[in-house]
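Colleague: Chain G: place on chain Z using the hints.
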Amino acid sequence: MDDLERLYKTHYAAVVRFLYRKIWDADRAEDLAQEVFIRAMAHRPEKPRAWIFAVAANLARDEARAAIRRKKHLTLLKDDPIPLSTPEPSAEDAVDREERWARVTGALAALTERDRDVLLLWDAGLSYPEIAAQTGLAVGAVGTTLARARKRLIEAHDRLDYQARTAHS
Amino acid sequence: MTDWTIKQERHIPEDELHAYLDQALSRSQCAEIETHLSACKLCQARRSAVAALRDRTTALLSGLAPRPVIVPPSFQDLRERQSRRLALAVWRARLQRSSLWAAGVVAAVGAGWVARTLLDPHRTTVSAPLVAQSVATPASSPIAAVPAIDSASTAEIEKQATPAPLPQRSAVVAAHNVSSARSSRALVPAPTLQLASVVTPVTRAAVEGRAPLTRPAGNDPFDRVWRVVPWEDALQIAGSELPFIEGIPVVGVMFQPGVPGERPTVIVAQQDPNGEVIQSIEGPVARVNELRTHQPSDVHASDVARTAPDYVDGPGGMHRALRILTVIGRLPVDSLNTLARLATIR
Numbered sequence: 092m093d094d095l096e097r098l099y100k101t102h103y104a105a106v107v108r109f110l111y112r113k114i115w116d117a118d119r120a121e122d123l124a125q126e127v128f129i130r131a132m133a134h135r136p137e138k139p140r141a142w143i144f145a146v147a148a149n150l151a152r153d154e155a156r157a158a159i160r161r162k163k164h165l166t167l168l169k170d171d172p173i174p175l176s177t178p179e180p181s182a183e184d185a186v187d188r189e190e191r192w193a194r195v196t197g198a199l200a201a202l203t204e205r206d207r208d209v210l211l212l213w214d215a216g217l218s219y220p221e222i223a224a225q226t227g228l229a230v231g232a233v234g235t236t237l238a239r240a241r242k243r244l245i246e247a248h249d250r251l252d253y254q255a256r257t258a259h260s
Numbered sequence: 006m007t008d009w010t011i012k013q014e015r016h017i018p019e020d021e022l023h024a025y026l027d028q029a030l031s032r033s034q035c036a037e038i039e040t041h042l043s044a045c046k047l048c049q050a051r052r053s054a055v056a057a058l059r060d061r062t063t064a065l066l067s068g069l070a071p072r073p074v075i076v077p078p079s080f081q082d083l084r085e086r087q088s089r090r091l092a093l094a095v096w097r098a099r100l101q102r103s104s105l106w107a108a109g110v111v112a113a114v115g116a117g118w119v120a121r122t123l124l125d126p127h128r129t130t131v132s133a134p135l136v137a138q139s140v141a142t143p144a145s146s147p148i149a150a151v152p153a154i155d156s157a158s159t160a161e162i163e164k165q166a167t168p169a170p171l172p173q174r175s176a177v178v179a180a181h182n183v184s185s186a187r188s189s190r191a192l193v194p195a196p197t198l199q200l201a202s203v204v205t206p207v208t209r210a211a212v213e214g215r216a217p218l219t220r221p222a223g224n225d226p227f228d229r230v231w232r233v234v235p236w237e238d239a240l241q242i243a244g245s246e247l248p249f250i251e252g253i254p255v256v257g258v259m260f261q262p263g264v265p266g267e268r269p270t271v272i273v274a275q276q277d278p279n280g281e282v283i284q285s286i287e288g289p290v291a292r293v294n295e296l297r298t299h300q301p302s303d304v305h306a307s308d309v310a311r312t313a314p315d316y317v318d319g320p321g322g323m324h325r326a327l328r329i330l331t332v333i334g335r336l337p338v339d340s341l342n343t344l345a346r347l348a349t350i351r
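If you read the protein sequences in the order shown, they are chains Z and G. Using my numbering, you'd call the opening residue of the first sequence number 92 and step up by one each time. Using my numbering, you'd call the opening residue of the second sequence number 6 and step up by one each time.
Hints listed in this document are in silico derivations from the structure and should not be mistaken for laboratory results.
Derived EDC-like pairs: lysine to aspartate or glutamate, alpha-carbon spacing no greater than 20 Å straight-line:
#	chain 1	residue 1	chain 2	residue 2
1	Z	K242	G	D60
2	Z	K242	G	E19
3	Z	K138	Z	E96
4	Z	K138	Z	D93
5	Z	K242	Z	E204
6	Z	K100	G	E85
7	Z	K138	Z	D94
8	Z	K100	G	D82
9	Z	K242	G	D27
10	Z	K242	G	D20
11	Z	K242	Z	D214
12	Z	K100	Z	D118
13	Z	K242	Z	D206
14	Z	K100	Z	E137
Isolated chain Z (complex conformation) (with noise of 0.2 Å):
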């Protein structure tokens, strides 16, 4: 097993997620993941682990600019007939995840860009001195910017949790 085979068993989750994160697609983020590693086979970097987490950010930021057009083809795709049954969750639990859901993504996208890029970066694993290579911040800046984008979005989803247990009051 080489490098790039550890790298892509261990750290494969790690990329869907931080793609996931950036474009709110599960299947286009594993296809995303995939291209990455496609693409690291063939350049062969030498810091594997940054250089997956900057195509991939680049590749979220392409996929984006495209989403548009994208959106059109998924709900043709949507109109097709897909799964077998399978078991729907309860009413309730999917209302309640829903709502955990778009809070939890409203603080997110509360954040300055640069905020959430660091906060989702070190989520996803990387160290200081591999966000601040990627995000162009100086490291001992890494630091500062976390302790920020941490606290805003913990405030922001606080603000929209009591926002929405006032509504349902």
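Modeller: Frame of chain Z, contents of chain G only:
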């Protein structure tokens, strides 16, 4: 080093507490922080607050996963896709090179003719009427209906550049013949399953003149001819992707090649002990849906299930093309759904 270790009244900055908990500091920085923490109640409390904030962030983000468990496809599969892509890139480069070469040859020949015509005024005055005449003469023959000859601008260019139009016209005829041979090949009706009285949507469509399965979707340059093959051959052709229902004898397998990068559309026909023939169809969504809909009224189709997708190279990089499986036959839909659930991909 940091001021707060020397002046005890200063406390650890919050960003350094984050970096400390993220294990992003050097050993000596950690030692300093720990020394201060052991003596400072306020910083201990702030440390706990930062740890809680950090944990909450992690917990919130963990809810934003596409699936509870993310399983990577086999690395070997990725390798194969990469080598396929490399082969495609080589093929494209070759095609581009040969196109450039051909364009160069055409340009050189054209330039030669133009130069020759310009440099030899006697030849120009003689050849132009000849060409006009020779173009006009075959107008009565059926072959002269080739549209290129009708175009005034094309005729004008030919007048200037073509001293001997007859060989060129025969080349056009030859090309016309080749293209009609090619199109007649594309219109060959799809074969039926010959081993039993199988429900054959393909034949029916062909009889009705629709023949949808023999026509490639879009501008696919490859012919899509359905082939009937023995089970063993089909296994080899399709790799591990033959739809099959356990315990029912197979009476025939048909497949239709896909576009590059796409696996074939496969129909496996099986006959149950009552003589009913059921067909499992697996392939790209559009093709399978087309087959499902073009059925006689007494043939039903099960719901569809997703199978492993194709990864097809496109202009925007590699993309996933969904594939589905359905089972059709002269059985109630519920029975077909049950069979579809039993279907395995071999």
